[in-house]
Amino acid sequence: MRAISFVRQFLEVVLAIAIAPLFTGWIAQCRAWLQNRSAPSLLQPYRMLRKLFFKDVVLAQNASALFRATPYVLFGTMVLAAAIIPSLVTDLPLARVADSIALVGLFATARVFLSLAAMDIGTAFGTLGARREMMIGFLAEPALLMVLFNAFMLFGSTSLPSLVDGYRAHQSVVDPSVIFAAVAFVMVLLAENARIPIDNPSTHLELTMIHEAMLLEYSARHLALVEWASSLKLFNYACIGFALFLPWGIATHGADGGWPLLVAIAALLGKLVIAGAALALIESLSAKLRIFRAPEYLAMAFLLAVLGLLVHLLLGA
Amino acid sequence: MVLSAYHWISALAEALAGHELRFMLCIVAAWMILGLAGFLRPHSIRFVAHLLFPAGGVLCLGVAVLAGLYLGSGRGPQTAILPLGLPDLPFHIRLDVLSGFFLLLLGVAGAGISTFAAGYFRSGEGTAPALLGLHYHLFLASMALVMLADDAYMFMVAWETMALTSYFLVTSHHRIPEIRRAGFLYLLMAHVGAVCILLCFGVLQGGSWQFTFDAMRGAPLAPVWATTAFLLALLGFGAKAGLVPMHVWLPEAHPAAPSPVSAMMSGIMLKTAIYGLLRVSFDLLNVRFWQWGALLLGLGLFSALFGAIFAAVQTDMKRLLAYSSIENVGLIFTGIGLAVLFQTNNMPLFAALALTAALVHSLNHSLFKSLLFLTTGSVLHATRQRSLGKLGGLIRPMPWVASLALVGTLSIAGLPPFNGFISEWLLLQSFLFTPQLPHAFLNMLIPLGAAALALTAALAAYVMVKFYGVIFLGQPREGSLESAHDANWLERLGLGWLAFGCILIGAVPQLALNAVAPVTGKLLGDSVRPSSTVWWIAPIAQQQASYSGLILLAGIVAVVAATFVFVRLLAHGRMRRTAPWDCGYPWQNSRMQDTAEGFGQPIRHMFGAFFRMERHLPSAADTAPRYRVYIEDRLWRGIYLPIARGVQGLADAIGVLQRGRLAVYLLYSFLTLLGLLVFVL
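The listed protein sequences derive, respectively, from chains C and Y. Using this note's numbering, you'd call the opening residue of the first sequence number 1 and step up by one each time. Using this note's numbering, you'd call the opening residue of the second sequence number 1001 and step up by one each time.
Next comes chain Y alone, as it looks inside the complex (with noise of 0.2 Å):
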């Protein structure tokens, strides 16, 4: 049975060899197709969701199939020219390790998400569902795109594309001004990180004007030009990203969409950015510096902590979601920052240990970000309430849903024996190398470093903690809440996938190991060997430090077994319920539980230069107390609104040009042209 299920899948690998792009291909266009076909029937919530949004989903785990083998087989690049686009200017396509493993990753979370996102969507709501599923399905196949591109043309169609799609995903409720306003800032951020994208092309051709990613590779750049692409690259990519400071779309974007989209978002479309930056930075340039893996590490460094602290004092449930996005977006780029430092200072196997590191946090991150984005939406429907000040108890009318929530919990809080522990593990032993670097000065800082990621990864359990607690325990704050209903089955099963990608990655390390192997590979010239054996993952030598989620996950399943039996045959399982403990106060009711402001406190109280906070307390005479509190970005006045007040006084400095009157604009033509005529003579 199991010989044969082998041979089985030996046979589907043979069959596809060496054609994985074309496969790849033909999904994309299946895509396409099936966000069309929605049209058919464009008012059938039935149609589309429980038909094409399911259909997406297999074709998702298709790309995730296809990935995974070619991965698996260490053959070298794939490319295509399609036949598309301008007539001079066809696109070029090209399948390699590195894209092969975002496209896994896209892949697997995705197939989560579109199983959910059939049971989710619901008629009546926001946009009409045909252009839900076109918006949606195109989203996905700009992505595999994005990842699949091979020139600067086709990249960038791709990314707008993508841009676009998700701005109407965004603002599919756009009747509330405030969705409409999200969206607003999420395409100007798009946009000028877009922008900034396409000047770094433009350096990295230097000067041959040849815009494929091919003649990139070879066009030799000064240092000066390297970095100034570099620098464009970090950008436009942060800005996609949501790195400190171009974070500011983040917060307001994810809760404004629906909760598939956000975790589409933050679970794969944040990662597009990553793979652009390392194209960049570690595949068309040939060059790097030391100065850029510090900037990196620094921004990323700064990034997770902020992220975190910020995380800690929401009180929406995908706002607080959105910011720890900020915080593991913050924790990959640590990882590529140390990647760079190391591989400029010739150690390519700690390299490969920090790139690793990202690469596999990238992974989890899509897996237990969507998890929870999508456990949002069902809390969500179930009522109709997304501040946490609003929920509590869910766990006992929604278990499946609470326990689900629970795997995605416990694996960004980075726990053992769960996927998230495995990526901050690596991250915190390719940080123990840092003071073999050659620069004494890095060297005392960078422990300090470690020190913040520690602090960080602490912090993420505290914000979840909170996020967990605050949602599904506890009284409920509502009356309403105690007829929540659970999720439904499709939900239940794009929940279930997620959360088994988490269980499977910490348990079994060694795959997404393998996954990122040849990646590193390629870029570094150098892999972490997972281990010898099944067992146990030693990244640089067993004596070192060796981890193995196999066996701790068996061993707290089998002591905790053992124990439970124990108890009940040496003891006894006598229980009885009573209310609980009112400290002999009997009117104590379900406000009076710790609210998600309560929870936060301590952290506003101990990062407070963080904040920018509005206190207004009550005076003593008032007879209807009301207690408030603000609390806004620094970032938001320090920068932007000067960026926008100075944009917006140049507008009007240059609008005293507009005068509304056709002999002044007849003026200013016989002035150019008078002005043209000096020139010319």
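Next comes chain C alone, as it looks inside the complex (with noise of 0.2 Å):
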């Protein structure tokens, strides 16, 4: 363990809580492009959540303690999460800590507490987000996992700097498999993170929100924490997603200096335009599914996967 590579990894976490709001931003922007809308400004979730954090809290009377630790939980676990994902460099010290499928199980335990904090205050609303979210939850983990066991198939790991390192040893081996997992992945991204085909993040009419119902009662710096969260979760999905199929530009073992650093900021943020103006896109080209649609759809994602993982099967025996 090296000093530098401490500062790397304080370095990384301080850039993923810093620019994960700027993220949601530009794909708010994009979609607001493409559906001829003038756009909001690159900097509007800042000002949400500095607006957020100085607003009094209007607490439920019988919100227990676990409606308030909640926020701050989802909060530590994604903050944790973006230590753990090799975003910018490979060698983390806390990278060893979770491989993916614990990082996996990292999400689920926000889940959780996501929804058992929905489900206190015990209004309609916020069950019926729990039920839904839970729901999602346990048709998208399989066709995660497909797509992770896909990614072992390739390169015998499931740690993601091991991940990282492979594909870079192997720059020219494009397995036909990867692209099944791919679009799999994202497809899981979507539905996770409470995009379009499964949910819309800009709405507010009941019969069809997920995350937003269970955020109803929520309101200040609880708020501020909780969508501070959600941006953090979805930066950290697409940093796995980055990390999984396009690793080019990550600073890997042995890289020191600020030279490979510098590239592999440059590199995230590359891809990180190139991969918000592509979900914007995504998300006005596709109509939101009814609830009950949801479970075909994520079927799909799994079948995908696990094609992927005959075709390697197939091709490499």
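Treat the hints with caution; some may be incorrect.
Unchecked claim - Partner residues aside, some chain Y positions facing chain C, computed with beta carbon under 10 Å:
hint	residue
1	PRO1054
2	LEU1410
3	SER1546
Stated by the list, open to error - Far from chain Y, by Cβ distances over 12 Å, these chain C residues were calculated:
hint	residue
4	PRO142
5	ASP175
6	PRO201
7	GLY241
8	ALA278
These aren't lab readings, by the way, just hints derived from the structure by calculation. Since we're looking at a predicted model, the values are computed, not measured. Positions of the beta carbon are idealized from the N, C-alpha and C atoms, including for glycine.
Two chains, each in its own frame: build the complex with the hints.
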């Protein structure tokens, strides 16, 4: 363990916390352009957070300690996840704390906490949101796991830094299974982050909402933390996608010094810009699904991932 | 201070070294004496509950310490012959690493349950205190003896004692007809299983007519007979463990029993079945075939998925937990199946990984399932309600129980950094190596098994959110819930011990892995090395996969604390309380929250094929509309009722002989004699 890796670890976490709202803002801006609306400023999410932090919390009378603790737990798990995912460098002291399966578990912890908090007040909306969120969660997890299995088949590891290193070492290998896995991953990303075919981040119509329904009772600093954690979750998912499918630019083991780090930051920003535009395009082109069509959507993601796995086994054998 | 404690512990270990078995037998005898001692003052709940039960708990702790020391010492098996039993058949007793591990599990979980039970039992409920104490302690003793038995005779005596004492405990509220019915079903299934186990031992002796386990280990068996023995063991132990389709007794018996007994049955007794299966298939049988592994894997995954799906639609909190036990037993069988598959294909390290996952999950399940069953006991006492539809909002009047139940909920949902995650992670890791098996067909299928496992794990989270959310969160669905009281200090102590175990194994999984390592080493010849450092577990290789519960836990706590401080420093802590937002509809009441049925509705919708549903919907003109849905297991009508009808039909057919007239019976005797005469001549 060298001091420099701790410094880079710290840098990575701070960068993740800082630019996660920017990524959300960028997607919103792209969507606005695609829909012929005038776009809000890129800094809008930060203004929102600032405003929320200085408001008074309005708490339901029967809210328990669990409800008040959850925003902090959500934010904490997402920051920790950002520390584990190799978004800039692979030589991270914390990366060995959790492999990709444990990372999925960490996201599940956040999801369970949010669902429990949503049930705490006992309004019809909260429970409805919690139920739907858990439903999407248990359908998305097998698909996500199949994607990770696929990566394991290719490079014999479930640890993200090892995967990145593996990819970088065999740059010529383009396995066809990766394409299937990548499509499945994008579908899971949309579902898990309350994006359009499954959920609509900008709706407040009770029949369609999932994520927003769970947040209805949150206000001020609590809401700010939950929103920030949601941005971080989207950012983290994007970074997992980059590590699995687009690992170029990430500073690998032994690449010390300032230059590779600058390249990594530039590459990350570039990838985020493209990924954000792509996500906005997908969201603008697709319609929201009825809630009971969601299993079909996620089953398709799952089947694509399994197909990728079978393609790999058949071609590899 | 620390040093002197260390000296003290090592001195204790020195004194006990080599005598663990003897001390354990003393503890078993002490349990029996404790059970009988209740009759000194048979009606005094203070004497039985507040004195004898805690003493039993301390003895449990003693068993755990002895088993832990034995596992740590790395010494060979210890044997003894008890001069009891029939004249020519003395009891053989043996302590080896496999029984050591399961005794550790029994001790750790039993200590928490006994402490809780001390505060739980009230006078005037069900059986008299002394009788309850007797059954309870005999139950504990018989489970320990099952794990220590070294001959078929001793094993069956202990096994039957376990079945009978638990039957009496289940039916301690025997005035309620449903409980009697549940008890009968349990007894029936227990005996069907026991017959299978007896036949299994009959096959295992291989013609030597020696029923000690030592003789069985040496008996050469043809593949057909080995497979027969394995299948009989699977049936017999599967019936006890609640493997689908032998699971029907579980969701009936667990809700019927008092909560500490449910905890004991689910947490420990199901594990004796796991122990028995491992003993027969990995120790007594000296050949194994990969088809067994595939069978175990298939049954295990199906049970896991089945249990999780049924748990999601339950409306009784203890039935929900019972189905969740079926799920967890399924996960354990999945691990054992993978271990057999790997071992028969000469991959001992991966086999060790899979078996480690199964054993660690057994330990974890005994902790969190006992914890949750016990919390339902506290809820039941505080509210007199078992139906989820009449609970809600208990986190406010019962903060202790609610926070300890939260630990159990997060653990059983398989979330890091708690202990349930460790075993699920290990199981998924071992699934990752299945493509290296030399069976092309299995290689294609098993990844789907991993997906089924992931689905089960995620469904378990769904179920537990339902369980916790409906009981403890939201608004109270009945007015009487506002006055619910929290658990007393003994109950809290028992719950706290189990919750502490969940957190400890979650943060330092090395403890569990070290306890399991000698077992896998003995059974498979290889074991998973936890890691070179105290911080990580990396079961196969560092760059392949690693996990650190401790750093994860510390990280979450640190970041959460830092966030809290930052938010308070940079912003402010102002807050006011008002009514929750009512959507502009002020007539909302607590009955408009999601019910347990409502929460399970998506599952009913998606997995409709699993259930037999009867819906009763009111017509449009109905002035007092009632909505009803009955959900039933398809297997009940598909398997059990046809068997019951068949048996009834056969009995009726034979019943024709029974005429109730002496002349007819004399005629039968005459005809029999005539037949024999023909035979002799």
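Status of the hints after comparison with the structure:
Interface restraint check: PRO1054 (chain Y) against chain C, minimum CB-CB distance 31 Å, threshold 10 Å, status violated. Below 10 Å, beta-carbon pairs count as interface contacts, and LEU1410 (chain Y) has one with chain C at about 7 Å; its hint therefore holds. Annotation: SER1546 (chain Y) was flagged as interfacial toward chain C, and the flag holds, the nearest CB pair being 5 Å apart, inside 10 Å. Annotated as non-interface, PRO142 (chain C) brings its C-beta within 12 Å of a C-beta of chain Y; the closest such distance is 4 Å.
For ASP175 (chain C), the requirement that its beta carbon stay farther than 12 Å from each beta carbon of chain Y is met, with the minimum near 14 Å. Every CB of chain Y lies more than 12 Å from the CB of PRO201 (chain C), the least distance being 20 Å, so the non-interface label holds. The Cβ of GLY241 (chain C) sits about 19 Å from the closest Cβ of chain Y, beyond the 12 Å cut-off, so the non-interface label holds. Consistency note on ALA278 (chain C): stated as away from chain Y, and its beta-carbon is indeed over 12 Å from all of that chain's, at 27 Å minimum.
Checked against the numbered hints above, the structure breaks hints 1, 4 and satisfies the rest.
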